[in-house]
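Given next are the chains, with one letter for each unit.
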Amino acid sequence: MGFLAPLMLVGVAALAVPIAIHLIGRRRARVVKFAALDFLLATKRRTARRFRLRERMLLLVRAIACAAVAIALAKPYTSCARKGPAVTRGPQAAVLVIDDSFAAGYLIDGKRWLRSATDEARRILTQLGPEAEVAIVRAAEAADHPSELTRDHLRLRDQLLALEPSARPADTTRALARAAQLLAASSHVRKTVFLISLLAKTGVRPDDPPWGKDGPTLVTSELRPPKLPNLAVTALRADPDPGGATRGVAFDAEVGNFSDAASKVELSLAIADRVVARGTLEVGPGERKTKRFLAALPAGARATDAYVALSGDALAIDDRRWVRASLRDRVRVLIVDGDPRTVRHDDEVFYLEAALRPGDREDSGTSVRVITSEELAGVEPRARGTAGAIDLDEFDVVVLANVTALPTARVNVLADWMRAGGGILVSPGDHVDPAAYDRTMLPLLPQSLRDPIDTTWGAPPDERDSRALHLVKWEADHPIFTPFSKAAPELADAKFFEISLLGPTTSADRKVLARFTNGAAALVEASIGAGRTLLYTSTLDRDWNDLPIHPGFLPLMQQAVRHLARKHAAFGETDHTVGSSVVLPTGDLKKLEVRGPDGAGAVFEGDRIAGRSSVRFGRTDRPGVYRVIGTDQTGSTHERDELAFVVNVDARGSDLTPAPAAALPVSGTGSGGTPVDDSRRIELWHALAAAVLLLLLAEGLLVQR
Amino acid sequence: MSEDPPASRLHLDPAQLARLASLPIKARVIVEGALSGLHRAAVHGSSVEFAEHKEYSPGDELRHVDWKAYAKLDRYYVKQFEQESQLTVYLVLDASASMAFAGGGIAKIEYAGMALAALAYLVIQQQDKVGLLACGDQKLDTLVPPRARTTHLHDLMSVLESLIARGATGDESPAAALSRIAELTRRRRALIVLASDLFDADDRTLQLLAQLRAQRHDVSVLHILDPHERSFPYDGLTQFEALESASKLLVNPAAIRQDYLARMEAFLARTRATLTTAGVDYHLVQTDQPLERTLLELLVTRSRLGPARRAG
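Protein sequences appear in the order of chains A and B.
In terms of this note's numbering, the first sequence has 508 at position 508, counting the first letter as 1, and numbering is strictly consecutive.
In terms of this note's numbering, the second sequence has 227 at position 227, counting the first letter as 1, and numbering is strictly consecutive.
By construction, these hints were calculated from the structure, which means they are not laboratory data.
Being a predicted model, the structure only gives us computed values, none of them experimental.
What the simulated footprint calls covered on chain B by chain A, stretch by stretch (three residues with Cβ under 8 Å from a Cβ of chain A suffice, anywhere in the stretch; the number is not a length):
#1 224–236
#2 255–265
Each computed DMTMM-like pair below joins lysine to aspartate or glutamate, with the alpha-carbon atoms no more than 25 Å apart:
#3 A:LYS33 to B:ASP288
#4 A:LYS33 to B:GLU241
#5 A:LYS33 to B:GLU265
Over 10 Å on every C-beta distance to chain A, these chain B residues come out as not near it, computed from the model:
#6 ASP202
#7 ARG204
#8 ARG213
#9 THR271
#10 ALA273
#11 THR277
#12 GLU297
#13 LEU299
Cβ coordinates follow ideal geometry from the N, Cα and C atoms, glycine included.
Please put together the full structure from these sequences, using the hints given.
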């Protein structure tokens, strides 16, 4: 025990006062010589003991009261093992960073960890006192953060009470950075960040410190138990089962064991909310293992949702993972090679063919047939019945790669087929004469072609690259570009040395999806009838550009043919993590409604959907299946199964391994993020003051007796 | 004759009286103050006062034959008289230490002394014999033999004065003094007046008083108490010290007042009952009570009891 004002202990000398008063009182008692003392003694014999006891108790009470007053003024305190962070009362700026990631829903003794965290936060808030300016920053990834500190502690308490675990992983570093920003704007000298977190290492980025040396004091609250074992379904894929029937699907569920002990996990697969398979999996400590389920989709369903769940553990949210399983339609592509070569890699469509059928795998989802320009004559009606006849109905997409202008008859056949729902991709090249194209090919093009330009013409070899054009300004929300980020170096780094220019047009049906750095169109789309046409203004081989050898070429071509074939549903593409935005193609819909697993969602109609090829849905706050209901131009409303998608929690958040102390930012006091003093001071003077009051009350009662 | 003294005339304050010069004067003031409210005849008795007639029998003195009655009734009757000799009065003063207590007025011993002095004065005035015996202290050997002379009164007053001046000491019971009186009065009846607070009185004292009464002596007890001993009016932390021992008691009087008063009343009731049952003339007197009233009460009670006792 210690004293904050030890000089006040001098006052303990006041202990002598009641003793002196007691003794003086005895001495100053009136003396009466009394004859009938025997009567008094006889009476007194019964009360003497009680009287003596009362006198001694009075003396004791008064002495203790005097001593207690002096000791209370000396402000005694004691220390005990710290259970929570050190909190100093008074004017100051403080930010409570609370981990509300989905891991905060971890059950400890039947109670969610977040409840303990908010209790601790309220305790800290109380101890900070009303003069402290405080903010609460949630540590979940992409959580909304407050804009300023406040003294409205009641509102902060309400916030704490309303706090629920989110469905996102923790981003502690970002939350700490925001806390530092808030504190930096405060004029208080004392600035503290109270970190109440599970301190999962996945949420801490040691290489991205939230503040420098002059940062606030960091006080961490060690609320987490030493061990937080967790099992989670970390990934789930649904692929066509090569060995199964036509409706067979293989579900590969990856289970992570984030604990120190091996675990035998019971898994179940449910398709359309019906459990169809069960299995067990032995997963060692720290291991991830995959369990494969083979199942068939329900009869008549082209697509459905499924999930794999494991037997419940303390953290339920990551025990189930959804997947969208659909029977993907094969895209049938007819490639017309306008510049065939005997050397494969010199061929006009070598790279395109490789992009559409990577590894020449059967399960690539695409079937490709390559023909020459001459062979395309087989599409004409007069060729029917001959060996070279080509039935366009067997194809979804026709690619005209560097094809010389076709005769009108062939163009008409292709145009009719396109209006009926076909898709055509046209790319220029050395064999393309814009004038000839203008004469016959316009029904197949979104816009007329003009002469190509060579941006490197006349440039010395060492300046050739610097004069090349690059792709910029593409429609990021367009289905073709959804696999790419805004920057997309896999596209932007490609160099275009020669491109075809386009002629003037007033058509409102055509749309430029991408442009080059000089502003020229790179990809133009138009809808003609029920079909679509795409004009790519450079070659599909490496003659005019080096895009085919960049990683972006494959997804760009895959997306392009799928877009033209109007087939978007594909395995794996509908799996999103919580918080990510989902791009939904609008097609011909005039209204589109998205409903989340909790019933909430969004409706796109009117200006939000008119003239757009896609809409972006960002309210993917909960894991589960999101259904899409569409209303077409005729007013017919029905569920669009092919647009449904699933949202899962980010598996990074399932790993609750604690971050090492060194990974935490350095506290402003240089304490390395841990409290300097492991003991906690408990001030005792309040209790002593209360004891003095009780003693005075007792003294009063004793005097009355 | 009125049996109750006229209270309106009795207002001599014992404290004021105590300031008078000498005990004889005090005694005279008390007696005159007391007698001034009474008909003289009430106490004007004689030792040869006629009491009743008795039929003559051989041996009776012829001078007591009532010839007038013979003339009327033709039978001889002899006059019988109330007292055949002088009254002998023994005054017993308790001079033990407890008698020194003075709550707010005069000490009990002083009050008792004045009361006995007045009584002695009255007795001498009636030419009866009065003696004095002090008790309470073994060292005391004060005995004034009964005499009827006026000069004897001065001697007796002197002794009383010296006793009062000496102050009360000791804790001896009055029993020894009463035993001595019993020996002295073996052959003659006497009036014995004991003035005491009876705090030292044991059962032996009360037995002796009853025994004296049984021997046909007239016994009166003036039970003298201080008003503070009856009301216990103390407050605040008080240390009570015994007068007859070294006992001390530090106490809050309020805490024990009820119990003390109950004990005191019980003591008084027991004493009164014991003495009254034995035929002792018992008077409870407080020292703030006027002395002439005390004297009158004693005299009135004596006169009321007189005929009955003679008959007995």
